[in-house]
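Undergrad: Sequence:
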Amino acid sequence: MKMDIDQHVRELLKAMGEGVYEKEHILAMSLLSAMAGESIFLLGPPGTAKSLVARRLKMIFKDGRSFEYLMSRFSTPDEIFGPVSISLLKSEDRYERVVDGFLPTATVVFLDEIWKAGPSIQNALLTAINERIYQNGRTTLQLPMKALIAASNELPAENEGLEALWDRFLVRMVSNCIQSENVFYKMIRQKNTKPKTIPEYLLITETQYEEWQQKIEEVEITNEVCAVITHIRKKLKAEAKKEDVEEMDFYISDRRWKKCVHLLQASAFMNGRRCVDLTDIPILIHCLWNKSDVIPTIIDAVCSSLTAPIDERIVKLGKAIDMELKNVRKAQTTSNETNSDEDKYVLVNFFYYNVLKYQAGKTLFYKMDYSHVPSGKTCDGVIYYDDAKKSYIIHAIYTGELYDYKIKNTKETKRIKLSKCHGGIIIDNVPYAFQTKKTNAEPSIFNMPGSPSPNKALAALEEIRNSLFTKLSDLQRLFNYYRNLFLSDDDINIVSKYLALCEKNLKEMEVKAQNASMLL
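Reading the sequence shown from the start, the letters are residues 0 to 519 in numbering that gives the first Met the number 0.
FYI, nobody ran anything at the bench for these hints, they're computed from the structure. Among the hints, erroneous ones may be present.
Below, computed lysine-lysine pairings styled on DSS-like, alpha-carbon distance capped at 27 Å [unchecked claim]:
hint: 1; residue 1: K436; residue 2: K343
hint: 2; residue 1: K234; residue 2: K315
hint: 3; residue 1: K13; residue 2: K290
hint: 4; residue 1: K315; residue 2: K470
hint: 5; residue 1: K496; residue 2: K290
hint: 6; residue 1: K376; residue 2: K325
hint: 7; residue 1: K315; residue 2: K436
hint: 8; residue 1: K343; residue 2: K290
Restraint ranges, calculated between C-beta atoms of paired labels, are given here [stated by the list, open to error]:
hint: 9; residue 1: S374; residue 2: R273; range: 48 to 58 Å
hint: 10; residue 1: N479; residue 2: S179; range: 53 to 63 Å
hint: 11; residue 1: K388; residue 2: K290; range: 25 to 35 Å
hint: 12; residue 1: R254; residue 2: S374; range: 50 to 60 Å
hint: 13; residue 1: D77; residue 2: N152; range: 17 to 27 Å
hint: 14; residue 1: G46; residue 2: S71; range: 10 to 20 Å
hint: 15; residue 1: D488; residue 2: E462; range: 29 to 39 Å
hint: 16; residue 1: S71; residue 2: R273; range: 24 to 34 Å
hint: 17; residue 1: G271; residue 2: L88; range: 48 to 58 Å
hint: 18; residue 1: E461; residue 2: K236; range: 13 to 23 Å
hint: 19; residue 1: R482; residue 2: E159; range: 19 to 29 Å
hint: 20; residue 1: A458; residue 2: P373; range: 51 to 61 Å
hint: 21; residue 1: R482; residue 2: P373; range: 48 to 58 Å
hint: 22; residue 1: E130; residue 2: R482; range: 27 to 37 Å
As the structure is a computational prediction, the values presented were derived from the model and not from experiment. Glycine included, every Cβ here is placed at the ideal spot set by N, Cα and C.
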């Protein structure tokens with residue numbers, strides 16, 4: 000039965016996950032690891048279905064064989080790779096192992112408590128994982144192993160020579176107990192039935208596996224993806240240089256990066272694509288951590304890389320607008336303008352200036368405070384809602400006493416930062432214009448001698464609306480409508496939070512640019 004690769008994988012994952020609860024993502028990542036020829040490590044307490052993952056993975060391969068073993072400090076190579084053949088040793092003086100039924104003949108291998116393996120087992124495993132070969136006496140065996148799944152309830156101890164083996168596990172997942180009570184009830188009510196089977200038409204043959212390996216290599220790695228990886232690498236290097244951080248906590252070797260990208264190629268191929276795209280990037284969350292306590296930093300580095308081009312432009316546009324406002328303030332102080340503020344701005348209720356386009360709604364600034372607000376630096380202020388005036392009221396705090404009582408006892412009052420700018424006020428780093436009187440006598444700052452060139456705020460506003468919002472919308476659409484088969488709901492939720500934060504920052508910059516354009 001011929002079907003598209005993504006449909007094939009989707010049905011495989013559905014069959015693998017039947018009767019397994021809250022382990023769908025681990026099953027998906029184990030399948031991805033197997034298709035990429037990589038090994039996976041599962042960190043978690045006993046009884047969290049880690050060995051079941053290996054058994055289900057073995058089932059997807061036609062004529063697949065599995066090998067499972069629980070390591071101890073006293074485990075020997077005989078128990079992993081097979082006993083030495085006494086008959087061959089006696090008759091032909093050959094030191095070879097009887098490997099049938101052991102790791103060298105298995106399609107999927109599961110090794111529990113992996114860090115208890117002794118040096119001799121570790122060395123043999125390194126070669127098996129790296130090159131898929133096993134040296135059996137004078138014979139080199141090509142291993143049929145598609146995936147090695149290791150598990151433990153702890154990470155490898157430091158300074159015990161386990162670093163090389165730990166580095167070979169490209170994918171690292173945390174396997175927890177069932178979190179949802181409703182799902183837990185389903186699990187305990189589940190009846191013990193006969194072992195699950197995978198439909199024959201879904202089984203992966205050796206020929207098919209080899210064909211997929213070749214096609215995975217042909218998947219394109221775009222410049223966009225390379226730029227995202229560069230951002231992640233720079234962020235991890237910066238983290239490694241911080242105080243109280245061990246450099247190896249964020250060390251990723253070139254070999255590991257190469258394997259990570261190959262894993263992304265496998266993800267793209269199995270999602271039916273010919274090139275890696277940004278929906279593959281979150282998979283790196285499960286590849287780049289070396290200690291469990293750095294996982295939040297890895298998540299931040301990976302997810303923030305998705306919006307990095309937009310975030311960087313927001314910062315640059317903000318700095319450009321701030322510089323433009325600063326230039327205007329300089330021009331204002333050197334001009335011959337003699338009109339007083341009272342002449343320039345509309346007064347509301349005799350004592351207030353009208354703040355235009357403040358996001359909370361109608362907002363008034365107390366006129367007598369304006370002269371106490373500095374230009375070029377900030378001072379404290381408060382904003383609160385006045386029911387009588389049906390407006391938000393802003394006051395500058397310059398005595399340290401006047402509004403302390405209100406701040407302490409009024410829930411709707413909050414502190415803000417204020418700074419004076421030409422034509423208005425800067426509130427929490429966002430400029431807002433005061434409503435001006437309609438008069439032709441008011442000189443424009445751009446008509447003054449030595450004044451700056453026409454403002455950059457309008458250009459920034461155009462870029463925000465016509466370019467940055469479009470890029471963000473494309474990114475949101477990508478993650479909302481083109482679901483990657485190897486991303487969990489948790490992965491999507493984390494990415495969504497970063498996209499929402501980017502949207503929030505972009506909207507704030509839009510307000511800043513729009514208001515600045517009215518001031519310049």
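Undergrad: For every hint, state whether the structure bears it out.
TA: Results of checking the hints against the structure:
1. K436 / K343: holds, 6 Å
2. K234 / K315: holds, 19 Å
3. K13 / K290: violated, 31 Å
4. K315 / K470: Measuring from Cα to Cα gives roughly 17 Å; hence the hint holds.
5. K496 / K290: holds, 24 Å
6. K376 / K325: holds, 11 Å
7. K315 / K436: Distance ~33 Å between K315 and K436 Cα, so the pair is violated.
8. K343 / K290: Roughly 61 Å separates the two Cα atoms, so the pair is violated.
9. S374 / R273: 48 to 58 Å: holds, 56 Å
10. N479 / S179: 53 to 63 Å: For N479 and S179 the Cβ distance comes to about 24 Å; the hint is violated.
11. K388 / K290: 25 to 35 Å: Since K388 and K290 have Cβ atoms about 56 Å apart, the given range 25 to 35 Å is violated.
12. R254 / S374: 50 to 60 Å: holds, 56 Å
13. D77 / N152: 17 to 27 Å: holds, 26 Å
14. G46 / S71: 10 to 20 Å: For G46 and S71 the Cβ distance comes to about 18 Å; the hint holds.
15. D488 / E462: 29 to 39 Å: Holds: the Cβ-Cβ distance is about 34 Å, inside 29 to 39 Å.
16. S71 / R273: 24 to 34 Å: 47 Å Cβ-Cβ, so the 24 to 34 Å window is violated.
17. G271 / L88: 48 to 58 Å: holds, 52 Å
18. E461 / K236: 13 to 23 Å: violated, 35 Å
19. R482 / E159: 19 to 29 Å: The hint (19 to 29 Å, Cβ to Cβ) is violated, given that R482 and E159 are roughly 41 Å apart.
20. A458 / P373: 51 to 61 Å: violated, 28 Å
21. R482 / P373: 48 to 58 Å: Distance hint for R482, P373 holds at roughly 52 Å.
22. E130 / R482: 27 to 37 Å: For R482 against E130, whose Cβ atoms are near 35 Å apart, the range 27 to 37 Å holds.
Consistency with the previously given hints fails for numbers 3, 7, 8, 10, 11, 16, 18, 19, 20, ordered from lowest to highest.
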